[in-house]
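Got chain A; can you put chains B, C and D on it based on the hints?
Below, each chain spelled out in residue letters.
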Amino acid sequence: MTTIESFTTSELMVVAGARELRDGELAFVGLGIPQIAAALAQRTHAPRLVVLNEIGVADPHPIEFGVGNADPRHWYGARSMGSFSDVMGRLLHRGLVDVGFLGALEVDVHGNGNATQVARDDGGIRRFGGGGGANDIASLARSTILIVRHERRKLVQRLTHLTNPGFLDGPLGRARAGLRAGGPRRVLTDKCVFSIDEATCRLIVRSIHPGVDRDELRAATGFAIDVPGDVAVTEPPSSDELRLIREVIDPQRRYTKGV
Amino acid sequence: MTTIESFTTSELMVVAGARELRDGELAFVGLGIPQIAAALAQRTHAPRLVVLNEIGVADPHPIEFGVGNADPRHWYGARSMGSFSDVMGRLLHRGLVDVGFLGALEVDVHGNGNATQVARDDGGIRRFGGGGGANDIASLARSTILIVRHERRKLVQRLTHLTNPGFLDGPLGRARAGLRAGGPRRVLTDKCVFSIDEATCRLIVRSIHPGVDRDELRAATGFAIDVPGDVAVTEPPSSDELRLIREVIDPQRRYTKGV
Amino acid sequence: MSPLTTLADAARLVRDGDTVALSGFSITRNATALAHELVRREARGLTISACILGLEADLLVGAGCAERLIYGGGSLDRFGQLGRVNDAIERGRVTVQHMSSLAVTFRYLAGSLGVPYLPIRSLLGSDLLPPLVAAGVAREGRDPFTDEPIVLLRALQPDVAVVHAQMADADGNARVLGPRWDNDEATGAATRVIVIVEDIVSSDEIASQPELTLVPSFRVSALVHLPFGAHPTAVYRRYDYDAEHLALYADASRSQRNFDEYVARFVRGTDHASYLAAVGGAAKLATLTADPRLGY
Amino acid sequence: MSPLTTLADAARLVRDGDTVALSGFSITRNATALAHELVRREARGLTISACILGLEADLLVGAGCAERLIYGGGSLDRFGQLGRVNDAIERGRVTVQHMSSLAVTFRYLAGSLGVPYLPIRSLLGSDLLPPLVAAGVAREGRDPFTDEPIVLLRALQPDVAVVHAQMADADGNARVLGPRWDNDEATGAATRVIVIVEDIVSSDEIASQPELTLVPSFRVSALVHLPFGAHPTAVYRRYDYDAEHLALYADASRSQRNFDEYVARFVRGTDHASYLAAVGGAAKLATLTADPRLGY
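Sequences listed follow chains A, B, C and D, in order.
As numbered in the working numbering, the first sequence has no gaps in its residue numbers, which increase by one up to the final residue, 795.
As numbered in the working numbering, the second sequence has no gaps in its residue numbers, which increase by one up to the final residue, 795.
As numbered in the working numbering, the third sequence has no gaps in its residue numbers, which increase by one up to the final residue, 338.
As numbered in the working numbering, the fourth sequence has no gaps in its residue numbers, which increase by one up to the final residue, 338.
These are computed hints drawn from the structure, not numbers from a lab.
Any given hint might turn out to be false.
Claimed, not checked - Which stretches of chain A does chain D cover? Using the computed rule of at least three CB atoms under 8 angstroms from a CB of chain D, they are:
| hint | region |
| --- | --- |
| 1 | 587 to 593 |
| 2 | 605 to 616 |
| 3 | 697 to 706 |
Quick reminder that beta carbons are idealized off the backbone N, C-alpha and C, glycines included.
Excised from the complex, chain A in its bound form:
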């Protein structure tokens, strides 16, 4: 059952993400790896994990993956469809959402994120789609899991634009700003899993993905990180998990082939 097979980094990230989702939670999950992770969690330890879609859909059970929140493939099987304010107001702003599993363009050491724009080399800005409900989720969910590619220009000392509050400037940051308790519980990259140091609210390396070198990790991170000598290796996917991902959840390998 736990024979180690070869797996892609995406599959490892899916599995690492799935393990962070708990049964019975209400969760926002972004497109791609977060969504596959939620589907895997629902088929393993968290059958009652409820996925929310800001467009106004609660608890869908898609039978195929689409291109985004607005794709009706992602609404299939929902027994409640309503408004943005039903999901983002009556659930999220009401304080009932446990976790948001979100991507970002940039993340800093306190888990703050940027979903809007980055600096160009020519001094201008490069604008992206904007976070939509990401600021709301980062502000209002009881916790977040962030997912970001592990590059120096993405794990940065200073964000170009702080759109999604993590812990702001540290342990008192959220309270001082008037934000509810919350903030990231994990940050997931293609090289490691970060958790949060409770005393400093800084990202600390919780586990390194198999085959990733510590120096490589430090070099790819835009802020100073401590990598303890006894740091764990991220637990690889089980063959059951791989089978579910490859045969049931993403048989077309849309999101789990790469990296």
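Here is chains B, C and D on its own, set in the frame of chain A:
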């Protein structure tokens, strides 16, 4: 077509009320005479008069009369059913409702109303159902038409309890309180029709119902009224109006038999 | 994992001292069966809230279960007044936060959205406002953008909201047909939600029209399947109100003595089945069945 | 008395300088046909708003119709970015009120209820807030009941809201199937409402499920019957998005030159029928028809 037949006071009030409702208006109408008046207006000069029911129903076309807002008979034919906040928030509080045609336990000379409680002879209070949305309608509709039985204890110098703002203490009353423009445009009783003096915002007699004596009118009114010598007589129902009321709108004579 | 349970278990979710948002609007979709059960259990110290109170509220007040009311209005429509509610207010046996019905709805709406308060332009200039300010649930303020006077209404998050609905699936996804008055906002605002339904339908049926779902399963603490659970009030597209029984109730509600006799006869020592038998049984209920074209 | 009219007449309700609440959410239920008509009419100076912008917004920005954006986010989902929107922001050609999507919805909600503002707990501590305060649409305040920090968002009442719906009756009672994102609040807040529908159905059909009506007839200024009016975006239970055309559009949107060529080919000098012919005609549209079991 205008042969004068005998008619009841209720029928006269229905007709007087109907004439005050204009085509295309959005209107709240109370149970009984206001509702029959709206139905008559829709069948004569105001086919596009839209009736709203605070329970969450817009533009019903009932084929029989029931016992109140909560009676599904009053919802029949509506093509939109939703929430209290759809009707009272998105239409009334949004400022889109033209007129509320409302009853009251007491009305004062500035058209303020009481829908909640009156004094008992023993010094206690007698409690009634409360206004529900009546305060909202009196506060927020562009105008109101009030209907009240013409007795000294109902047309009073001083309300037991001011629940439905008319013009408060006079021309500046609503603005000083922070209320939008609004207030009664007519007060309809079983003895006369009042309009509002623009300079003083006091009730003035616009027409006396056929057969009502001026002294009787003064004696039955709890505040001082001026009845000009040339005051009009309320125009009686036409035979067409009577036929519509008796044969089409209220054939069981639930609301138009009495008085 | 289904929240489907018995009426008795659902009623245990209502604890003495709780604030309970009721289901009905005067004579329609009252959670009569739950009110009966709370009377039988001798619930005490409840605060009950609704934009328009109905028979269920009168039962709870008359039986001494409620000590505080948050409401806009209430009656049995033309059948009569809520005798026990009005009497308790007249005698000072209950405290009241009497406001406009939109104010109740806005307090629920703020609670459902998790915002601390909502501005409203009602209540200004009326005698309703000062007691609400004194009770700490309203404040006179100014719109910071225009400096216009405005009333700020504090959010209300009831401990429990109950809703009598036409149907739900076994997971508790509940569908309401017809107008919904304050049910959306009340269930959204409440900590626990009790749903009582006429019919349990398949999840496929609910999923075929998910736009009609009032409250999603994961917000439902208890689901009770209890046909005619709203009797003698109406359930749109299911049954009409029972005019005969409402008249009988309205009459009983005029005095505490008559009310107590009513409760002894129809509520205490009964269960829902024996209550339905006492009000006329299947023969009577058959006469109330709604005409599908009319909805009543 | 029916508001049923032509696309050209409906587009005349949008005046230069108006604030227009758009219909779509990235690649679904966009009012593409109306955006095309506004491009043809060379509308100017529009402010466009949406919780999530889609293709319709990119068309209006790329063609120079819009000079201000009120929005939370926007994309063509995996087909790509809104190239013209992002480029206009980068070059400072449009001014933006960029906020969270819930903030946009709350601003509409306040506008729909006629309340001057609504408190929100988002935006705090982020770089999104200061420009909104500077623009006069948000303020940092305190909850007067608890003294907690809170953001106050000014109500937004667009001049026009447009919604592409599955169906309406000839009077304009419009029904939306599937999720509604900000359509409820936007249509409730707007002064004028334009509804574009796939199907005109009988009033009896609408009255049979009045709970599904998004916007009642008396709030509708213009109703346009235009099958495939949302193409290439999806209409739930009617048709899927046109992946081929979205990819083509996403590519065109990368540069102004390619966009201008796209507009010359598909928008200017066309009408809705010739546009549909140009994108593949009946044969192509047939491939998009939704499976009734899936809704797409």
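Hints and how they fare:
Only residues whose C-beta sits within less than 8 angstroms of a C-beta in chain D count toward coverage, and the region 587 to 593 of chain A has 5 of them, enough to reach three; the restraint holds. Coverage of the region 605 to 616 of chain A by chain D holds [criterion: at least 3 residues with CB-CB distance below 8 angstroms; count 7]. Counting residues of the region 697 to 706 of chain A whose beta carbon lies closer than 8 angstroms to any beta carbon of chain D gives 6, which reaches the threshold of three, so the coverage claim holds.
Going down the numbered hints, you'll see the structure goes against none, and every one checks out.
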